[in-house]
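As a plain string of letters, each chain reads:
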Amino acid sequence: MTRILTALAACLLLLAPAPAPAQDDGISEIQALLQAHRELIEDSSRRTIGPAIDALADSGLPAAQAVLERWQAKEMYQRESDGLFFFAEEAGEDDQGEDLLTLYDIATGEELETVLEDGMDQLRPNSGIRGMMGAALVRFQLKDPDPAVRLGALDAIGRDAEPSHLPALRAALEAEDDPDIAARMDRLARLLTIQFSEDDAARIAAIESFAGDLGVDVRATLNPLVRTDLRVTEGPVPDDVDLARVLTPGTEALSKVDAYEELVDADLAPPLIDRDAQKAALVTHLADGEVAGIQVADLNTEATRDMAYAELVRRGAVEAAATQSEIDDILAGFSFYEVYTATSPEVVAAAVSALQAIDRSVAFNEFLDLALDALSLASIYFLAAIGLAITFGVMRVINMAHGEFIMMGAYTGYVVQQIIPDYTASLIVALPAAFAVTFGAGVAMERLVIRWLYHRPLETLLATFGISIALQQLARNIFGTQARPLTSPDWLGGALTINDVVSISYIRIAIFGLALIFLCVFLFIMNRTRVGLEVRAVTQNPAMAASMGINPDRINMLTFGLGSGIAGIAGVAIGLWAKVTSELGQDYIVQSFMTVVVGGVGNIWGTLLGAGLIGALQKFIEWFNPSNTLAAQTYMIIFIIIFIQFRPRGLIALKGRAAEA
Amino acid sequence: MPADTTARSSSWRNSSGDSGGITPRSGPFLLRHPSVMVFIALLALFTLGVTILSEGFGIGAISTSFVKTLGKTLCLCLVALAMDLVWGYCGILSLGHMAFFGLGGYAIGMWLMYARTEIIVVESLAAAELPPTPQEISDGIAAQIFGVVGASEFPPVWAFAHSLPLQLAAVVLVPGLLALVFGWLAFRSRVTGVYLSILTQAMTLALSLYLFQNDSGLRGNNGLSGLQNLPGLGDMPQSVVSIWFLWASALALGAGYLLCAWIVSGKFGSVIRAIRDDEARVRFLGYPVEAFKLAVFTVTAVIAGIAGALYYPQAGIINPAEIAPIASIYLAVWVAIGGRGRLYGAVIGAAFVSLLSTWFTGGQAPDVNLGFYRIHWVDWWTVLLGLSFVAVTLFAPRGIGGLVDLIAERRHPDRHGADLGPDQGALREKEADQ
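Chains as they are written, first to last, in my numbering: chain A, 1 to 661; chain B, 1001 to 1434.
Where hints are given, some of them may not hold.
As the list claims (entries may be wrong) - Label pairs and their computed distance ranges (CB to CB): (1) B/Q1364 - A/L370: 47 to 55 Å; (2) A/D288 - B/L1233: 33 to 41 Å; (3) B/A1126 - A/S255: 31 to 39 Å; (4) A/D298 - B/L1259: 50 to 58 Å; (5) B/L1285 - A/R647: 23 to 31 Å; (6) A/D298 - B/L1166: 24 to 32 Å; (7) B/P1156 - A/L370: 24 to 32 Å; (8) B/L1259 - A/A277: 55 to 63 Å.
Unchecked claim - Straight-line Cα separation of at most 16 Å, EDC-like style, residue types lysine to aspartate or glutamate; simulated pairs: (9) A/K279 - B/D1139; (10) A/K279 - B/E1136; (11) A/K279 - A/E311; (12) A/K256 - A/E326; (13) A/K279 - A/D306; (14) A/K279 - B/E1129.
Said to hold, decoys possible - Covered stretches of chain B (chain A as the covering partner; in silico rule of three or more C-beta atoms under 8 Å from a C-beta of chain A): (15) 1127 to 1137; (16) 1190 to 1197; (17) 1200 to 1214; (18) 1329 to 1335; (19) 1385 to 1393.
Derived by calculation from the structure, the hints in this document are not laboratory data.
The structure displayed is predicted, hence computed values, not measured ones.
Quick reminder that beta carbons are idealized off the backbone N, C-alpha and C, glycines included.
Bound conformation, chain A alone:
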C-alpha cells in the first residue's frame, strides 16, 4: 500500500509541468549526479555503493526519489554506448523477434524512444543494495504529504533502523504538523539517539526520557547497552573493570559445570572428564583383568575408579583431567564476574537505572494484570457458586449435582447455537433457555428426590451424587466425550488492551458484569420481593412460616428451581469461556462449595468475598509458579483446609438463631 502510494506520489511529481532544468550539454542534473558515481553504480556492490545512494538521497533533486524507487524495482537501464541511465519498460518484440524497450527520461519521466534491448544494460541491484535504497527512500517518505505514508515510514524505521535515519527523522520532526505522528517521530528519534548518537550527553538524556516506559522497543534498545561479558581471573576481582556483578559458581546464575568450562576455555584448568569418559578410558586400558594395577572387580565405586585413573595419568597413559570431585577445589581459586561491554560507563549507568525504572513499572503493571486476572477468575467462581449460595447457603440443601446443572446450561447454549447460527442472537436465546431448562430440572429434582430428604443432609448428598453421576454419563451418551465449542459473538472477542502489559479479554469483562448483575438480582429477590421474604421465613422456621399461610413446599420448590436456573445461566457464561464437556461441572463443584463455605454459609456477601479470596489466591499462587496450575489448585485447597481451622463458619458467619437453622 505504502509503496503504491509512494509510486503515485512520485508520478505526480514527475508529471509536474516544470521540466527539470537541463544543463548545457543536454544532461539533467540527476543524470549528471548518476554519471559522477557511474563506476560505483556499475560495480554494484553492497560495500561500495553507499556514497552513490547517499549522494542521490542527499541531492535534494525532485527526481531522486523516483530514481531510487525504479532502480530498486530493477526498472533502470544503462545505455552501453554512452553510459547514460534511463527508466525503461519492456515493449514486446520487433519483426525479428528481438526484445524491445521503451526508454523514459530519468529527470522528467518523458517517453523518449523505443530501442532494442541488446544495447541496454539492466541495473540489477542485489537484495542488500535494495535494502539500502529502501532505507534511503524512507527519508523521502517521512516528508510525504500523506500521513499513512509517513506512518509506514516510521514503522519501517522501527523495524530496521540505521544511523542515517536519525538526522532525517529530526528534520522530518521539525516539519511535522500532525501531533500524533510528531509524538511517534519524537519517540523514534529518541530511540535512534540512544542507538546511534555519538554524543553521550544526548544519549543519556534520551535514555532518561524513557524511564518507566513499558514499550518493548525501549527494552530492546536499552538491553544491548547493558550486555555483559563473563570474565574469569585467578584471585580476586580486579578493580579497573566496569563491573556488572560477581558470580559465585554453583548458584543459579552460573552452574559449577559452566564455570569450570569457562576455566577450561581460558586454558586455566585441565578439561573435565565425566564419568562416562573416565569409564571409557579405563576400559581402553583394561588388561589381564586389571586396570593400572587395580582388579576390575574392585572398580565398582567412584573412589577406586578415580584412583585407577590417577594411576593411569601417572604412568602417562592418559591426559591429565579433572574429575567431578576436584572441581570445587579448582573453582575456589578463581573469581568469576561480568563486565559491561558498552564503552561509556555513564551511558551504561543511565541505561541500568532506566531499565530498573522500567522493571519497576513493568512489575507494577504485571501486578495490575494479575489483579485483573484474579478478579475475572473470582467472578467465574462467583457465577458458579451463586446458585449454590441459594440452594446450599439459604436452603441448606447439599446439591452435588449443581455442577451438572452448570454443564446442562452450557450444553443448552451449545444446542441453541446449532439451531440459531447467529452467535449474538443465539446467546440472547440461550441465556433464558438455559435458565428454563435447569429451572425445570431443579424443580423436578426437588419434587422427586430432595423433598423426601430435607432432614437427612448426608443422604441428600448421596442421592444428588447419584443424580450427578447419571447426568454426567447421560451427557456423555448424548454429546460424546469430546469438547463441544460454544462460540462467543464477535463483539465479545478480542481484548481491552490498556498498555503493553495490562490487557483483559472482553469475555472476562462480560463474565464480571454478569456476576455483578446476578449479585444485584439475588439481593433484590431476597430482600425486596415477597418471594424472598417467604424464602427467608421458610428457611428460618418452616413450621412457623406455614402457620403464617406460606406454603413451604411451593417456596422450597421455587427456591431450588431459582438456584438451579442461575447455575444454568452461569453454565452458558462458563461455556463461552471454557470448553463444554461432560466434566465441566466437576471442575467447578468443589471450588463452588469451597467458595460458599469459605465465605460463610447463608450470606451472599460472604460468597462474594469467598470467590474473591479463592480467585485471588489461586492467581497469586500461579504467579509464584506460573508453569503449574495444578499445583496452584492443590495449594489453594490446602490453604482452604487450614483456613477453615481458624474460621470454621467462614468469613462472614451468621450469628444468633439463623446460625442454628
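With chain A held as given, fit chain B onto it using these hints.
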C-alpha cells in the same frame, strides 16, 4: 426435647425385648458374634473354592484374569469395610478413603517398580566391562522410571523405595499420618456432617491434582505401572501369583472384618454409634468425641491403605485418576447399596456392585434392543447405577442388607415419635442392645 427422649427410651425397651435371647452376652468373642464366624467361614470356603478352580493350583475352570478380579474385589470389600466403620458406625461420610487406598497402592507400587527396574538395570549393566558403581545403578533406575516425565533424578519421596520393609511401613504410615493430621485439623474445628464430606472431597481433589503433575515425583498421569510383576519372581507364572494375592487379600479381609467387628462390638463401638446419632449429647456426657472420631478415621485410613497395597499389585497399574474424588463417591455408593451400619452389608455391597460394574462395563452384558434405541450397557451402566443409587437412598436406606432383615424378620420396632436422627440407614435399635 422431652418427647424425643421418651420415644427413645421406649424404643430401647422394645428392642431389648425383641432380640435379647438371640446372642449370648458372655463367652469368647466369636461365640458372642456368630455372624462373624459365618462370614469367616464363607470367606474361607470361597477362597478354597477359587483355589481349586484356578489355573495355578487347581483344575483351571477359572481364568487367571478372573481370579485377579476376585482378588481385587476382596480388596474393595476391605476398603468398603473401612468406609462402613467410619460412615455407617461413626457417621463421618468421608470422601477421602479411596485416596488413602490409592496412597497405599502408591507406597507399595514404588517398591515394586524400583526393585523390578533395579533388576533390569543391573542385568543390563552386568554385560559392561567394568562392574557398575552404585551411582550408575541408581542413575540407570532413575532414567528408566522417570524418563517418561522428562526427569532423570530420584525425587525425595523415593528415598526409601529401595527397601521393602520401609515401603511396607509407608503403606500404613502415609495414609495413617495423613488421616491423623487431616482428621485432627477437621475434627478440632468441629467440622461435621456435609461440611466434613466436602472438606474430605477437597482433600482428595487436592491430592489427585498434585499427583497429576509431572514434577510430583510419582510420574504424573502416567502413574506407576508393571506392578503385577513381583521382583525376583520373574519366572513365576501370573496364575500362581494371582492365587497368592487372592489368599493375601482374603486373609486381610478376614482380619479386617474381625478387627472391625471387635471394634464395633465393645464399649468403643457403642460410643462411636452414639456419636453418629447425637454427637452433642455424647460430648455432654463427657466423652472426648474428637479423639474417638480421630481414632476411627485413622484406623480406617490405615485399613484402606493396606487394601490399596493389596489391590494395585493385582491391577498392575496405578495412576492419579484412581484417586480422583469420584472413586471415593463410588465407595460410598457401594456401602450404601450394601447397607451401612452393618459390616456384612459393606462387603456385600462392594462385591455386588463392583462385580456387576465389571460385568457391565467390560462389555459382557448383552445389549437391550428397545426397537427405537439399542442400549449399550457400557454407556448406560453408569446412568443405571446413579439412578438406582438414588432409588436406594430414597426407598431402601438399609440397602441389600435390609433383605437379610426381611428374611430374618428382624425389623425396626414400631416407633411412634420423632425421627431419631440424621441416619435412618443403620440399625440403631438393634445395636443399642448389643
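Out of the numbered hints, which ones does the structure contradict?
No hint contradicted; all consistent.
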